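Asks: So the chains spell out like this:
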Amino acid sequence: MLSYLTRRLFESLFVLAVMSLVIYWLIGLMPGDPIDIMIFSDPEMTPAEAERLRRVYGLDRPILERYLAWLGKALTGDFGYSRLYNQPTLDILMPRLGNTVVLMGLSFLLALAIALPAGVYAATRPQSPVDHAINMVAFAGISVPPFWLAILLIILFAVTLGWLPAGGMGDGRDFWADLRYLVLPVLALTIATVGSVIRFMRAAALEALRQDYVRTAQAKGLSGRQIVVGHVLRNAMIPVVTILALQMGNLFSGALITEQIFAYLGMGKTIYDSVIGNDYNVALAGLLLATLTVLLANLLADLAYAWLDPRISYQ
Amino acid sequence: MTGPEPQTGALAAEAGYARGPSLSLRQVFWRRFLRHRLAVGSLVFLVLLSLASVAAPLVEAALGVDGNLVDLFNAKQPPSAANPLGTDELGRDLLVRLLYGGQVSLVVGLAAALCAAVIGTLLGLAAGYYGGRLDALLMRFTDGVIALPVLPLLIILAALDLNKLGLPQALVGSESISIYRIVFLIALVGWTTVARLVRGATLSMKTREFVRAAEAMGAAGPRIMLVHILPNVVSPIIVATTLSIGGIILLESVLSFLGLGIQPPLPSWGNMLTSAQELIWDSPALAIYPGVLIFLTVIAFNFLGDGLQDALDPRALQGEE
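Same order as they appear, the protein sequences are chains A and B. With the first letter of the first sequence counted as 1, position 269 gets the number 269 in the working numbering; the numbers rise by one all the way through. With the first letter of the second sequence counted as 1, position 170 gets the number 170 in the working numbering; the numbers rise by one all the way through.
Bound conformation, chain A alone (with noise of 0.2 Å):
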């Protein structure tokens, strides 16, 4: 088990010193330098001295060489400075996590609560009315924009009723009252998560009652509720915490789109400001730190997965 959790950390470091490479090479073919910007900020500059800067900041060094340096400093974590925010980019970057593992973890948990009994019960009653109308629910999840979505639960919630404030973040001071600034996020994310659950959800349930098990549960006269919670219900998490877990990369997607819909300040959001508004330190270290958050969240499925299923041991 131990050696198991080594080998696939030192995996997920790797896929991470890959990403970090790639990404650094890509944010070095975005539109401008560093030094265009100051340029651009100071017109009395004269191309010496933004060649003698340019020297200065060793951006005329090969790609490599300044890779090496900035994975150097990254490692003693000195991520440098944001060019937007004027303070060290981690300090802008972790409290963000904070928010996003908020946001994503209370719409996964929520789309979880929804799609286990919702999938179970349409497995139970394949090509039931309720069967269908669950189907129907769950591929308008999957199929809704999720940025209309949230525009559209803005005007109903926000506007017109007037009930939930339509986007930014509490003040930290009042929990309950910081609470509602959470709900609209939530439930935006939750809707175009929980689809796809409850369709993976169905499958696995629908695969687990076909099995001899659940004949021989049946022979010996347990109930239906006995068998779909004993044994349907488990063995259909097994697959499912797998695909979910592959998933982590999408939630996180969803969730950069919505906290930039309600102005959230989470992750998504800070890599896009980021991106537009060419604070390369922070959208590398941003981009950098969801892989980790997504590849963490995957070791945990594995660990879920041998929790679950006690057929499997990791050697």
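Keep in mind the hints are simulated off the structure, nothing from the lab. Remember, it's a predicted structure, so these values are computed and weren't measured experimentally. Ideal Cβ placement from N, Cα and C applies to all residues, glycine included. Among the clues, some could well be false.
Stated by the list, open to error - If the Cβ cut is set under 8 Å, some of the chain A residues that face chain B in the computed set are:
1) 140
2) 151
3) 275
4) 292
5) 295
6) 296
Dock chain B against the given chain A, drawing on the hints supplied.
Replies: For chain B alone, kept in the frame of chain A given last:
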């Protein structure tokens, strides 16, 4: 759909068509597909939508309007004879813009799905057929790509300066560059599902007698993969590709909405919604119609893919009466 004939009897029997003369696989497919009413309805809707989008220039001519002509004195007009759905915030005809936007969304969805399917099929065939180190390497790579947070990555890729990539100026400067770019980017991250499916199907195919016979007769690897294995794994590829189109259209609309996909003045349903948050008050039609069209198109492709899956996959039969 085009599989080897000998399976027909078994499949037809399983499907409950054993009575009477046996049906060809194609007939079984159509019977099963036509029973799936949502999928049939979706197919009809998508065909009509495609025809309407293709007819956009005709509609433009018939109405006597120019879809690209900015006319600020005529902005946000309600529906009229000349503008059946009214005009947008720059005074352009909304119906014509929606139809041209439909062209873009459909072309991007189909082209990107096709490119992704080709990449996925080739990688999946190679991984499944050659096995060993290559398989392990390719599948690890696939797992890595699947786990990535795709949208932030695409945002960075979409923001790249194409001039720095050394692409020819004629290409970078062309109006359709944002279409090529988004198709390329989505194909770059979208091939993983097909690759995994094809690899799995190839693994089970390569032990079959007809593949071993071809090997014994000295056929080379590429020939076996493309001539013998590929035709037998077409069904899952068609299903997965159809199901992917909806997601791709959504992704395109998100990127265009964020200003990183299709660039105005070229319309796409996504970039028509960019200012929806402000527009919804004084002219809700501008914020509603593009969103509804995205929703209907995406759900239609998903229903269609679902129907194809039921019709092409004999194992799906067991869930039914």
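Asks: Each hint needs a verdict: does it hold in this structure or not?
Replies: Verification of the hints:
| no. | hint | in the structure |
| --- | --- | --- |
| 1 | 140 | holds, 7 Å |
| 2 | 151 | holds, 6 Å |
| 3 | 275 | holds, 5 Å |
| 4 | 292 | violated, 10 Å |
| 5 | 295 | holds, 6 Å |
| 6 | 296 | violated, 11 Å |
Violated hints, listed in ascending order, are 4 and 6; each of the other numbered hints is respected by the structure.
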